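Visitor: Listed here are the chains, written in short residue letters.
Protein chains: 2
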Amino acid sequence: MPLENPTIAVVGAGALGAYYGARLAHRGHPVHLLLRSDYDAVATGGLEIRSVDGDFRLEPAEINVYRDSKRMPKVDLVLVTLKATANDQYERLIAPLLKEDTAILTLQNGLGNEERLAELFGVGRVLGGLAFVCINRLAPGKIHHMDHGLIRLGEFGGGPSPRAQRICRLFNDSQINCDVLSDLRYGRWEKLVWNIPFNGLGAVLNKSTDQLINNEAGLTLVRGLMAEVIAAAKGAGVALPQNLIETKIVQTRSMGAYRSSMQIDRQMGRPLEAEAILGQPVKIAQSARISVPQMAMLYRMALLL
Amino acid sequence: MPLENPTIAVVGAGALGAYYGARLAHRGHPVHLLLRSDYDAVATGGLEIRSVDGDFRLEPAEINVYRDSKRMPKVDLVLVTLKATANDQYERLIAPLLKEDTAILTLQNGLGNEERLAELFGVGRVLGGLAFVCINRLAPGKIHHMDHGLIRLGEFGGGPSPRAQRICRLFNDSQINCDVLSDLRYGRWEKLVWNIPFNGLGAVLNKSTDQLINNEAGLTLVRGLMAEVIAAAKGAGVALPQNLIETKIVQTRSMGAYRSSMQIDRQMGRPLEAEAILGQPVKIAQSARISVPQMAMLYRMALLL
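Read top to bottom, the protein sequences are chains A and B.
Each residue of the first sequence is one higher than the one before, starting from 43 at the first, in our numbering.
Each residue of the second sequence is one higher than the one before, starting from 43 at the first, in our numbering.
If you are wondering where the hints come from, they were derived from the structure by calculation, not from laboratory data.
No distinction is drawn between identical chains; accordingly, a pair holds when it is met within one copy or between any pair of copies.
Computed list of lysine to any residue pairs in SDA-like fashion (alpha-carbon distance at most 25 Å, straight line):
no.	residue 1	residue 2
1	K325	R265
2	K112	K125
3	K125	A259
4	K233	P335
5	K325	E258
6	K325	P335
7	K125	F198
8	K325	N257
Note that the structure is a prediction, hence the values are computed from the model and not measured.
Modelling step: build the complete structure from the supplied sequences, incorporating the hints.
Guide: In structure tokens, the structure reads:
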């Protein structure tokens with residue numbers, strides 16, 4: 043990746059990809075968005091962003107949109123914002139965008155995304171990031187950024203790197219809060235402590251976060267799952283503190299009636315990211331011989347939806 | 043209970059109670075039905091039974107119906123066919139019906155019903171029965187008996203008894219298949235091996251039995267829960283054979299697309315028998331220090347519905 047003015051592709055410009063891509067483009071960076079269902083709307087009407095950090099819009103002339111990655115230029119940085127359910131499309135969608143030194147940053151949920159990208163394109167290219175952001179797609183080309191926005195990213199190969207720092211500055215320069223993780227895997231597992239109970243139970247029971255923690259039965263389920271995630275993380279070599287459980291529950295109380303992405307996917311009849319958020323962590327725990335009966339049960343229940 | 047011509051009360055004449063009560067009354071036994079929502083319909087229109095074992099109807103003059111057990115006569119045999127969610131009504135509904143030697147036979151689902159009846163009315167009165175029957179209420183006063191019908195009953199205090207034999211003959215004489223269990227607790231736990239997975243998962247996931255076993259994820263869930271029920275039964279002193287799991291799965295395949303009672307209750311927005319079918323078995327397992335994480339999780343999920 044060059045030191046200055048990298049060209050950027052966003053692969054899978056749903057709400058998350060469109061928002062971050064629009065922020066970068068709005069700041070004047072050369073951004074190329076790969077779209078699917080919203081292509082016509084964005085090509086003719088541009089992108090409209092309603093954001094807690096300031097509304098803005100991008101006219102069609104200000105943004106490069108595509109529906110076929112073979113027609114896109116090769117770029118310096120690929121942001122992967124596909125649903126993890128579309129990971130079987132990685133090769134077809136990303137290969138045409140790669141130069142010798144192109145970096146690939148996946149902002150997808152769950153585990154297994156960096157591993158798969160590294161298998162396909164080489165571990166040296168791959169970074170992972172966690173997006174802490176509340177975003178909705180109001181209509182084709184209309185995005186609502188409701189809260190937060192922090193990206194925490196790190197090298198899949200581990201450790202800090204000048205490249206990770208440069209990407210982080212690129213985001214910060216574009217009104218996207220960002221910091222660099224010294225240990226991406228810690229960040230991934232730490233996020234799973236929340237994602238597994240609230241996405242999993244939220245989808246299977248069709249309950250919002252407040253409905254899961256405003257009663258004893260729900261709290262016991264959430265705490266039990268969180269304890270299993272912490273045990274699984276330990277089995278994977280990531281030491282999370284036990285008091286994370288109560289910290290996460292307090293944070294969740296402050297969120298009010300929040301629907302997790304997997305609950306929304308269930309309500310919309312869309313495929314669930316069950317494999318990335320539940321299945322991969324279960325497999326990692328089991329191969330480390332950590333007992334995770336509740337996670338495994340939740341995973342199988344999600345598969346049945 | 044007298045040797046001949048016992049008088050019978052049916053407490054909680056939903057589909058199950060109305061069906062068995064109607065069979066007994068149709069044979070000429072003196073039956074008194076305690077009804078709630080269907081009282082007016084049955085008092086004015088009688089009972090209409092569509093049954094695989096032969097249709098029949100009872101005119102209002104052929105049947106004694108009540109909506110207040112204080113107005114009912116004391117009887118020789120009380121059949122308890124309430125939903126287990128109404129067990130807090132036992133004392134009010136049953137106490138007025140008892141003579142010195144009245145027997146109480148509960149045909150309710152799950153665990154804990156006999157125990158509670160014994161606490162309230164004395165262990166010597168109490169028998170329990172398992173009803174293997176497919177019954178639907180088509181409309182107030184209209185019952186559809188679709189399949190099966192066997193009652194297996196036994197003394198709560200254990201062992202065979204002349205009284206259990208007499209009640210069994212009473213049923214058999216009225217076209218109700220019945221046999222006597224030498225060990226009621228064995229029967230209860232054996233039935234739970236089916237009820238816990240198919241009622242629990244059926245309700246929580248809103249899936250019929252075939253949808254639960256026509257895929258790997260569902261089969262793994264069902265088998266895992268069944269193994270826990272067998273372990274819990276062992277902890278409670280009941281030795282069930284391990285091959286019961288595959289036997290039950292084969293039986294379930296032969297049932298086709300069957301909705302468990304708890305799935306139907308969930309669809310109808312009615313209270314679930316979660317305590318009797320899931321909560322009590324979990325508590326018994328835990329007090330015997332048997333690990334039942336999947337049963338406990340399913341129980342808590344059912345409480346959240």
